[in-house]
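Trainee: Residue numbers (my numbering), protein chains in the order written: chain R, 1 to 252; chain W, 253 to 524.
Honestly, I wouldn't trust all of these hints.
Examples of chain R residues lying across from chain W (beta carbon under 7 Å, computed) [to be verified]:
1. A54
2. R86
3. D89
4. F99
5. A103
6. P107
7. Y131
8. F244
Hint data in this document are derived by calculation from the structure and do not stem from the laboratory.
Ideal placement from N, C-alpha and C gives every residue a C-beta, glycine not left out.
As a plain string of letters, each chain reads:
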Amino acid sequence: MSLSVTDLTKTFEDARRGNVTVFENLTVTFEGGAFSTVMGPSGCGKTTLLNVLAGLVDPDAGHVSVDGERVEPGDFSFAYVFQEPRLLDWKTVGENVAFALRANGVPESERDEVVASVLDLVGLREETDTYPLRLSGGMRQRVGLARALAVEPDVLLMDEPFSELDELTARRLREDLLDLWQETGKTIVFVTHDIGEAVFLSDDVYLLNERGELFEEATVPVGRPRTFGDRELDEVERRLTETFFENVTNRV
Amino acid sequence: MAPTIVPEALPGRATVAAKATSLVVSVAGLLVAWTGLALHLGDPRVLPTPVAVFELVVEYSLVGDAGRRTALFHLRVTLVRVVVASLLALGLGVALGALAARDERFEDAILPWIPFWMTVPTVVVVLVTMILFDFGAVAVYASAVVVATPFCVTNVWEGVRDVDPELLEMADAFGAGRRQVWSGVYRYHLLPYVFSSYRHVLGIVWKIVVLGEVFGLGTGVGAMFNFYYMLGEVDSMLAYVSLFVGVLFVVEYVVLGAVERWCFRWRADGRE
Numbered sequence: 001m002s003l004s005v006t007d008l009t010k011t012f013e014d015a016r017r018g019n020v021t022v023f024e025n026l027t028v029t030f031e032g033g034a035f036s037t038v039m040g041p042s043g044c045g046k047t048t049l050l051n052v053l054a055g056l057v058d059p060d061a062g063h064v065s066v067d068g069e070r071v072e073p074g075d076f077s078f079a080y081v082f083q084e085p086r087l088l089d090w091k092t093v094g095e096n097v098a099f100a101l102r103a104n105g106v107p108e109s110e111r112d113e114v115v116a117s118v119l120d121l122v123g124l125r126e127e128t129d130t131y132p133l134r135l136s137g138g139m140r141q142r143v144g145l146a147r148a149l150a151v152e153p154d155v156l157l158m159d160e161p162f163s164e165l166d167e168l169t170a171r172r173l174r175e176d177l178l179d180l181w182q183e184t185g186k187t188i189v190f191v192t193h194d195i196g197e198a199v200f201l202s203d204d205v206y207l208l209n210e211r212g213e214l215f216e217e218a219t220v221p222v223g224r225p226r227t228f229g230d231r232e233l234d235e236v237e238r239r240l241t242e243t244f245f246e247n248v249t250n251r252v
Numbered sequence: 253m254a255p256t257i258v259p260e261a262l263p264g265r266a267t268v269a270a271k272a273t274s275l276v277v278s279v280a281g282l283l284v285a286w287t288g289l290a291l292h293l294g295d296p297r298v299l300p301t302p303v304a305v306f307e308l309v310v311e312y313s314l315v316g317d318a319g320r321r322t323a324l325f326h327l328r329v330t331l332v333r334v335v336v337a338s339l340l341a342l343g344l345g346v347a348l349g350a351l352a353a354r355d356e357r358f359e360d361a362i363l364p365w366i367p368f369w370m371t372v373p374t375v376v377v378v379l380v381t382m383i384l385f386d387f388g389a390v391a392v393y394a395s396a397v398v399v400a401t402p403f404c405v406t407n408v409w410e411g412v413r414d415v416d417p418e419l420l421e422m423a424d425a426f427g428a429g430r431r432q433v434w435s436g437v438y439r440y441h442l443l444p445y446v447f448s449s450y451r452h453v454l455g456i457v458w459k460i461v462v463l464g465e466v467f468g469l470g471t472g473v474g475a476m477f478n479f480y481y482m483l484g485e486v487d488s489m490l491a492y493v494s495l496f497v498g499v500l501f502v503v504e505y506v507v508l509g510a511v512e513r514w515c516f517r518w519r520a521d522g523r524e
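Start from the sequences and build out the full structure, keeping to the hints where you can.
Mentor: Laid out in structure tokens, this is it:
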């Protein structure tokens, strides 16, 4: 399922700086079934883009399309994985996943089965009855991923989900995410400020500058499965890093 | 603005054991000091020993007092009044606090009154309601609601406003309806605020109920304080105080403690 925004304009009111324009006439298309990553410096509007797609933030102008058909923002099959797992600490791992299922209108009688199968997918079946505060950061992020997968979305919106984890855990989760993506064939729109992560994960990388302007759409022509430290990947990363610093000058 | 009790983290098991030890030591210390002072004064009509008071506690609990009712009857009457009055105040406080947090016009209408209600002396409220409600039990409930509700309102109001907006955004992103957000997010988020409110309300309501009983009711621990005060029997008054304090301990540490541990079981033994 391809997803696009057309002529997106968004301005926020800021008490100190007055009106801040995040995007002006941004147009971008994410191919169906592809792993697409939006890369840019902090504050360039990456999260805002995901929030507009999810219908959490209203755009001032522009529209969202799915497979070329115009839709209301958020009015398509998607799930969101946040930077912090945003779990309900007072609910067990299983209940957290079931929360998303209930929100999606899945009948109670079917929830246990779905919970068990997605927790199997992320390797947390044994923690079904555990409270999130007793899990490590990586495990909590897996629960966030399981919660998103449970609602069987066509599109996964992922906002820097591994940025708060240590590198070892993040690497393992990236590999697991790629496995899950290849198993399920979902469209993934991933946001990061880490070029290495973007290149390792993605089919397509979209580079934004600090003004929220799209200045590069790159394809990563490296086959899968990929391995960390692969020379071809390193070469793509080096080239994109050069392009990035040529175009992004401020606040980096 | 009135001060608000910030919910505290629950103590771990080791801390609970240490607290229990401190409690036992301080109670023992009090009894020793009491015995020493009583023996020093040497007049049971001024200050009887703890042993003499304890004998009276047993006698009043089993045999019954001058009114042919046992102390346990009066305790039960007071306890029921306290539970009813505190739950009334808490329920009303939570409802009004939540409404105030959700509705700006209601917030503007109700919040300016709070500091005023919180500064009126409790004894004045009790006396006025006693006259208004003809010295009946309803007067006690009315006093409790008037005095204790405002604290709950501010606490819950701040609790609702303190909810993590990122959790609300998460619920929104998954399409959760208003009812699911209340039952899955707000209800649990507000529990610590409700607990700290209830502890405070209970503290106020015990005093109000006993005051009301002293001033105008014929039954309950307060009425017995008044009765034995009129007779000048310090030992009987102390017997009732001891029973009353015993019940307070049980309610605070056994009942509320157990409910709290169950409600916040998800917090204990965090691995990180």
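Trainee: Please go over all the hints and tell whether each is borne out by the structure.
Mentor: Hint check:
For A54/R, the shortest C-beta to C-beta distance to chain W is roughly 5 Å, which falls under 7 Å, so the interface hint holds. Because the beta carbon of R86/R sits about 4 Å from the nearest beta carbon in chain W, less than 7 Å, this interface hint is met. Proximity of D89/R to chain W holds as hinted, the smallest CB-CB distance being about 6 Å (cut-off 7 Å). The criterion of a C-beta within 7 Å of any C-beta in chain W is met by F99/R, whose closest approach is roughly 6 Å, and the hint holds.
Look at A103/R: its Cβ gets to within about 4 Å of chain W, closer than 7 Å, so that hint holds up. With 7 Å as the threshold, the beta carbon of P107/R stays out of range of chain W, its nearest partner Cβ sitting at about 14 Å, so the hint is violated. Evaluation of the Y131/R hint against chain W yields a held restraint, the C-beta minimum of about 4 Å falling below 7 Å. Given hint, F244/R at the interface with chain W, is violated; its Cβ is 29 Å from that chain's nearest Cβ, farther than 7 Å.
Figure legend: structure checked against the earlier numbered hints; hints not met, in rising order: 6, 8.
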